[in-house]
Amino acid sequence: MRHDLSQINIEIECTYMTKGAVMPFCKGCGHTHILRKLDEALIKLNLNPHDVCLVTDIGCIGLADYLFDKVHTVHTTHGRSTAFATGIALADKVLSTKNLKTIVLIGDGGAMIGLLHIVNAALLNTDVTVIVANNFLFGMTGGQQSSFSPLEFITQTSPYGNIIPPLDLCKVAMSSKAQFVARKISTDKDLVDVFADAISYDGFSIVEVLELCTEYAVEKNKLTGKDLQRIAEEHDHHLGILENRKTRSEFSLEYSEKILSNKKTLDLFNNFINAENLEIDFTKKFGKEKLEIIIAGSAGEKVQSSAAILCQVAAQSGFFITQKNDNPVTQGSGFSLSEVIISSEEIFYTGVDNPFAFIIVSSDALNEIISQRLFEKVNKNTIIIYDESLEIPIKTEKMYSLPLRRVCSPNKAALGGIDVLLNLTEPFPLQLFYSEIEKRFGKYDALYKDNLIKILTEKSTK
Amino acid sequence: MTNNQRKIKLRNGNQMIAEGAIYAGCKFFAGYPITPASGIYKGMIDMLPHVGGLAIPAPDEISAIAYCVGASMRGIKSMTATSGPGWSLMVETVQYALITETPLVIAMVQRLGPATGGATQGAQGDILFSEFITSGGYTIPVLYPSNPKECFELTVKAFNWSEKFRIPVVILTDKEIGMTTETVDYTGLKNLTVIDRNTISANSTESNNWQMYEFKSLSDVPRFAPVGGKFKVTATGSAHNKNGELKKNDPETISVLIHLEEKINGHLEEFVDLILDEDKDAKTLIISFGITAKTMKEVIKISRRNNNKVSGLTIRALYPIPESQLKEISKPYERIIIPEENLSGQYRKLVHHLFEGKEVIGINKIGSMINPNEILEKIL
Ligand code: SF4
Ligand SMILES: [Mg+2]
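Just so you know, the sequences run in chain order A and B.
Here the first sequence stands for residues 1 to 462, where the numbers follow our numbering.
Here the second sequence stands for residues 1 to 380, where the numbers follow our numbering.
Where hints are given, some of them may not hold.
[Unchecked claim] Looking from chain B toward chain A, a few residues come up when the C-beta cut is under 8 Å (computed):
{"id": "1", "residue": "A71"}
{"id": "2", "residue": "I76"}
{"id": "3", "residue": "T93"}
{"id": "4", "residue": "K190"}
{"id": "5", "residue": "N191"}
{"id": "6", "residue": "L192"}
{"id": "7", "residue": "G228"}
{"id": "8", "residue": "G229"}
{"id": "9", "residue": "K232"}
{"id": "10", "residue": "A239"}
{"id": "11", "residue": "N241"}
{"id": "12", "residue": "N249"}
{"id": "13", "residue": "D250"}
{"id": "14", "residue": "K297"}
{"id": "15", "residue": "E323"}
[As the list claims (entries may be wrong)] Think about it this way: if two alpha-carbon atoms lie no more than 27 Å apart in a straight line, the pair counts; the simulated DSS-like pairs of lysine-lysine are:
{"id": "16", "chain 1": "A", "residue 1": "K264", "chain 2": "B", "residue 2": "K248"}
{"id": "17", "chain 1": "A", "residue 1": "K19", "chain 2": "B", "residue 2": "K248"}
{"id": "18", "chain 1": "A", "residue 1": "K288", "chain 2": "B", "residue 2": "K378"}
{"id": "19", "chain 1": "A", "residue 1": "K264", "chain 2": "B", "residue 2": "K7"}
{"id": "20", "chain 1": "A", "residue 1": "K443", "chain 2": "A", "residue 2": "K395"}
{"id": "21", "chain 1": "B", "residue 1": "K301", "chain 2": "B", "residue 2": "K378"}
[What the hints assert, rightly or not] Derived coverage of chain B by chain A (criterion: at least 3 residues anywhere in the stretch with Cβ under 8 Å from a Cβ of chain A; other residues may be distant):
{"id": "22", "region": "20–31"}
{"id": "23", "region": "168–182"}
{"id": "24", "region": "251–258"}
{"id": "25", "region": "326–336"}
{"id": "26", "region": "361–373"}
No wet-lab data here; the hints were simulated from the structure.
In this text, a Cβ means the ideal position worked out from N, Cα and C, and glycines have one as well.
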């Protein structure tokens, strides 16, 4: 066995096929034609052996890899060949030499089980050529009907004739925006040229080749090679080159032009938080070493990003934080909830057992808190800051009903609640919070100070 | 308390897996959205173009992982990410990567199963499912970080194992680790070692000695040749000999199949990743991983504060099971507690036999995290 493909001189060898290899197929099988024509097409294109990769599927056609010992071969799982080939081609064209020609050999069975892979390779327009050897049935497993069997076709599993119409794969490929699509017959004189055109096409190409499984299709259906054209016509499956355009560029060109062009420097070890070295002891100040805060509102009202501002500022003040977000599966509706923990020591357990405060700014939020039974964890010291429109079903010694939605607007109600909480409890100096707000929304005073804090002062003096 | 020597960012586990992958030299990612793993996909989409890499949306998880295997065969470090439902679809191709000795990292962020289960709920229900997915029972190394910083570290390790041994490696986490944002201290992350696969040099002249799946000893790792390079790749998902040729009832082919497992068996020490927090006088050892290991640390903190003695062992590499280490470490203890956020104590059942003569207690539940008190009350 020769391993160094760069030493092979195709002009001397005159074939990419394995010397002396015997075709493993039954007498007259269309696969033999197809593979010989593929070899001729490669010779016509005079490709460097190491720039060719044959990716084979399962089934009789999948025996092809050892018949080609002068190119790379990847024999895959059933139907997946096009997907593996897509990965190979993408990596080559975007990240490597860009010289590789990746060719899939797949049967009709594989084409159907892996239809999605063909569709997506076509949509991507990556440089893969798919050759579908369509003999209308599963040969290797004994001649069962496939999704490509013609109507009335007799197979092992359609003894009374097939009643399910065959797929028009070329139409599927065309509707997947494939730009080189052909349906040929294995004995067509120009098959070599069509294969060569498909392979040299810079982008996705597919050639479906109609052929006969002499072992299982011929006798039962009284077929000869001449019937292939008739079968295609009867099902309105057009023959010939059905598409050959160049209006889309190959994937890697699109990718470099539209995505890689946005390239910036990426440094994972940059932009750390400038943490203050504040010696604040929560245990002394609040009687607990960590502050567990539940912030809840409605989806789309910036609840989680407001909680993130709180975390950012706490981290800048030198604290450890955790933030856990929750929302319904449909992210854009219903409640939105963040559980924030702030601690002067590393936080291990991230559950909330002993809430320091709740900030509740909408009825979605209140309902969710009730249904998650979070109020069961409340004690008399838990601070509850909530929108004036809500009826809170429990009582603590620190309840603050505030016009959060009205004064701050629904989108900043949660942030307003956080502002109130921080002003109320001052877990760390508030200057960092104010400047963070200013950085994001402009002047802090204009947002809250004039109204919310005033209301709050009135309330607490009451 | 805290100080400004720490290099702090706010990050969740998913983001740190993505960053770890970038650090490890991953240049190809194919993704399909799934809660709670989508953050990894998003992270790779955001970062890969800036290192000249390619992150691509796949139309399903089967395509995602197959694209990654293809890219890896071309010589590119590749990763995909999913959760239980997507992992179900990937199982076929993980085995293909294994038999073709293709390096590949799969991040799997657990959610509540079975089937669609609870998309936004955490669980540790895939402890068995992440591992026992191959026909033939081959070992898939599984790393399980217990916080975002470890997500970075162990993703780098997953790539290193995968590259060095040419195997698929799973980085397993859970919704709580993946999606909870924390203060992450990057100290030390910049110095992690990165290993690349042993690729046969393009200048090598030993073309006729080289074999696709060469090994002398069964546990040797063959040198890699990329598709598209000058050495002929003959890859196949079928049982094959050292040249990659399909052969039935052939002793060499059987030896290749044995070699696939021996690559791991012959290097067991390298696959051990345990962190023992030992109290010499303790009677109880808690063994845990992932989110439960975090809770265990809380338990240890509370216990020691109250002068109760307890030891804790965090398993960061679940598979291959570190059997001899578990036996040795557990020796001094009377009671072993293994909390897991699943119904039946999946890992406990696998390691129970290693703790002969000891009392082995599982703490198991689904639907919410295990609370420190549930563990505390079981400590001797
Ligand atoms: S079974 Fe059919 S497809 Fe297979 S080799 Fe024989 S004739 Fe060809
Ligand atoms: Mg067929």
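The hints, checked one at a time:
1. Of the supplied interface hints, the one on B/A71 holds, with its beta-carbon coming within about 4 Å of a beta-carbon of chain A, less than 8 Å.
2. For B/I76, the suggested interface contact is upheld, since its CB lies about 5 Å from the closest CB of chain A, less than 8 Å.
3. The interface hint given for B/T93 is met, as the beta carbon of that residue sits about 7 Å from the closest beta carbon of chain A, less than 8 Å.
4. Nearest Cβ of chain A to the Cβ of B/K190: about 5 Å, under the 8 Å cut. The hint holds.
5. The beta carbon of B/N191 is not positioned within 8 Å of any beta carbon in chain A (closest approach about 10 Å), and the interface hint is therefore violated.
6. Contact between B/L192 and chain A, as hinted, is not supported at the beta carbon level, the nearest pair being about 11 Å apart and thus beyond 8 Å.
7. The interface hint given for B/G228 holds, since its Cβ lies 4 Å from the closest Cβ of chain A, which is under the 8 Å cut-off.
8. The interface hint given for B/G229 is met, as the beta carbon of that residue sits about 6 Å from the closest beta carbon of chain A, less than 8 Å.
9. Proximity of B/K232 to chain A holds as hinted, the smallest CB-CB distance being about 5 Å (cut-off 8 Å).
10. Interface hint status for B/A239: violated, as the beta-carbon distance to the closest one in chain A is roughly 11 Å, over 8 Å.
11. A hinted interface residue such as B/N241 counts as satisfied when its beta carbon comes closer than 8 Å to some beta carbon of chain A; here the least separation is about 11 Å, so the hint is violated.
12. Contact between B/N249 and chain A, as hinted, is not supported at the beta carbon level, the nearest pair being about 17 Å apart and thus beyond 8 Å.
13. Contact between B/D250 and chain A, as hinted, is not supported at the beta carbon level, the nearest pair being about 14 Å apart and thus beyond 8 Å.
14. Restraint check, B/K297 versus chain A: the minimum CB separation of about 4 Å is within 8 Å; hint holds.
15. Interface restraint check for B/E323: the shortest CB-CB distance to chain A comes to about 28 Å, outside 8 Å, so the restraint is violated.
16. For the hint linking A/K264 to B/K248, the alpha-carbon distance of about 52 Å lies beyond 27 Å, and the restraint is violated.
17. At most 27 Å may separate the alpha-carbon atoms for a hinted pair to count; A/K19 and B/K248 meet this at roughly 22 Å.
18. Between A/K288 and B/K378 the CA atoms are separated by roughly 25 Å; this keeps the pair inside 27 Å, and the hint holds.
19. For the hint pairing A/K264 with B/K7, the CA-to-CA distance comes to about 22 Å; that is within 27 Å, so the pair holds.
20. Restraint check for A/K443 and A/K395: the C-alpha separation of about 35 Å exceeds 27 Å, so the hint is violated.
21. For the hint pairing B/K301 with B/K378, the CA-to-CA distance comes to about 15 Å; that is within 27 Å, so the pair holds.
22. With 5 residues having a Cβ less than 8 Å from any Cβ of chain A, the region 20–31 of chain B passes the three-residue criterion, so the hint holds.
23. With a threshold of 8 Å between beta carbons, the proposed coverage of the region 168–182 of chain B by chain A holds, since 5 of its residues qualify and at least three are required.
24. Beta-carbon proximity to chain A at under 8 Å applies to 0 residues in the region 251–258 of chain B; the threshold of 3 is not reached and the given coverage is violated.
25. Closer than 8 Å: that is the beta-carbon criterion, and the region 326–336 of chain B has 0 residues meeting it against chain A, so the requirement of 3 is violated.
26. With 4 residues having a beta carbon nearer than 8 Å to a beta carbon of chain A, the region 361–373 of chain B meets the requirement of three or more and the stated coverage holds.
Hints 5, 6, 10, 11, 12, 13, 15, 16, 20, 24, 25, counting from the list given before, are not met by this structure.
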